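**Q** Sequence positions in the sequence shown follow mature numbering (1 follows the signal peptide of the UniProt record, and there is no 0) and run -27 to -1, 1 to 509.
It is worth saying that the hints were derived from the structure and are not from the lab. These figures come from a predicted structure and were not determined experimentally. All C-beta atoms in this analysis are idealised placements derived from N, C-alpha and C, irrespective of residue type, glycine included. Please note that the accuracy of each hint is not assured.
[What the hints assert, rightly or not] Mimicking DSS-like on lysine-lysine, the simulated pairs with C-alpha atoms at most 27 Å apart in a straight line are:
1) K201 x K84
2) K201 x K11
3) K294 x K330
4) K298 x K351
5) K288 x K298
[To be verified] Per label pair, the in silico range of CB-to-CB distance:
6) N465 x G418: 31 to 39 Å
7) Y317 x V134: 48 to 56 Å
8) L349 x N407: 27 to 35 Å
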Amino acid sequence: MLPHRLDALLCLGVVLLLAVILSSVEALPPPSNNCQRKCGEVDIPYPFGIGPYDSPDHCSLPGFNLSCTEVGHGSFRPFHKDVEVLNISLQQGLARIRMDMSTYCYNTSTKEMDYLNWRLNLTGTPYRFSETANMFTVVGCRTLAYIGDENNIGRYMSGCVSMCRRGDVRTLTDGSCSGIGCCQTAIPKGLQYYQVWFDEGFNTSEIYNTSRCSYAALVEASKFTFSKSYATSSEFYDTYSGQPPLIVDWAIGNGTCDEARNKPESYACVSSSSECFNSDNGQGYICNCTKGFQGNPYLVDGCKDVDECNNNLEKYPCSVKGTCKNTQGGFQCICPPHYQGNAYTGTCEKDQSIPLKVTIPIGIFACVLLGLLLYLGKEWIQHKRQIIRQEYIRKTDECFQQNGGQLLMDMMKVESNKTFKLYNREEIELATNNFDKSSIIGEGGQGTVYIGQNLDLENNPVAIKICKGFDENRRMEFGKELLILSRVKHENIVQLLGCSLQFEAPVLVYEYVPNQTLQHLIHTQVDPSKRTLEVS
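Given only the sequences and the hints, what does the whole structure look like? Please build it.
**A** As structure tokens, then:
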């Protein structure tokens, strides 16, 4: 039981230890605002700094600490140990420095060759000599110079021969460094140490009158242009004060970006808008602000948005002036108001369409106007129908009065006649389907007869006659005569059921008698066995 408890306690201790370690892991401490960021005319951006790297102000990363040294007359310049730093580029990950020039000259007093060979050791620092920006350059008319790494243990050595045939300087050409008075050779990648020396078998003892000295140095190639006077005088040495510029690449750490990201406590790309790039010259990495940002990626808030629209150092990003709109990390090209197209390519054209702020009020006004017109149209139609209806009622009532309708109604009330009915105009029109020709069952000089429906509850068919040849002088008596006729009831006389006096000509309603034979009309109810035929 005891061993199990010991194992459990051991595991718990390991877990607690890991927790303490992980909790103590922090990102690189930011540099203090008290750090000196300029030495003389040279800016010193972080991760570089003035003073020891382990100062409490954390002004630099390890290996990037510089000194700011007075060089006379109150002038200060930055140095890495005894090497002067001319400028620093964060984006390219390089620095420009000065290095002494090696010389090999004939001494007319001693009749011997005097040499001054230089070396530079950057081993153990973040710096490497740039193989793309520098060239080993030799100037002289009888010279063989070498460049290599450390003696005996080195794996690199190269040389360069510069000659003037028989010391004839007339063969020299300005701007040409191809072996006549000047030669150049490249250096390998990753070089951190170099030294220069001359081959004693090549000297100027016999040509010192025209070319007394030979020179050799690692030089920034873009800053060097050969001049004929370089091989015949000390002008080359004097131009650079014996210290021509050269380029060193620098990088953070010894690992790749992927390896560095896994170590947040030492990862140097701390800006949220930064990205990491593996070094092209040896181990390590550098940081850059992402596209659309600029500044210092080694500081937490070091990368700032680039206002491409107001960046006078670069060409205006849009083809049409005044169309650029800055965004976080980029920009947009937007055509001016009332124009449309592509401002990136310069195709902004005047917008012929009606703007939205105009179309919306127009649309609202149109909707209101349409609604008003619909309302007025509806009211006009209703008013028109009302006028037609009133005219219809007026005309109907006028016909009713002219045809003696009122007299007929009064007589019907007196007699209490319930078998004779006064039909209104709508009932007659409905019964005859508005006097449709297909409803006509007879027509003569006295009028036209229609078959009608729907005038009683049983829906019995009726005969509806529109009178013709009506005597205008007897209109008022017509209703009275109709009432008298309605009293006549006989099985052989068609019954008058009613009338309508709301038409210009009176309309009579009779019971409907279908067409039958005379024998059917006379003998329908007689027993056939009792029928006799008399012949006279």
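**Q** Hint by hint, work out which the structure violates, then give me just those numbers in ascending order.
**A** Going through the list in order, the structure violates hints 2, 4, 6 and respects the others.
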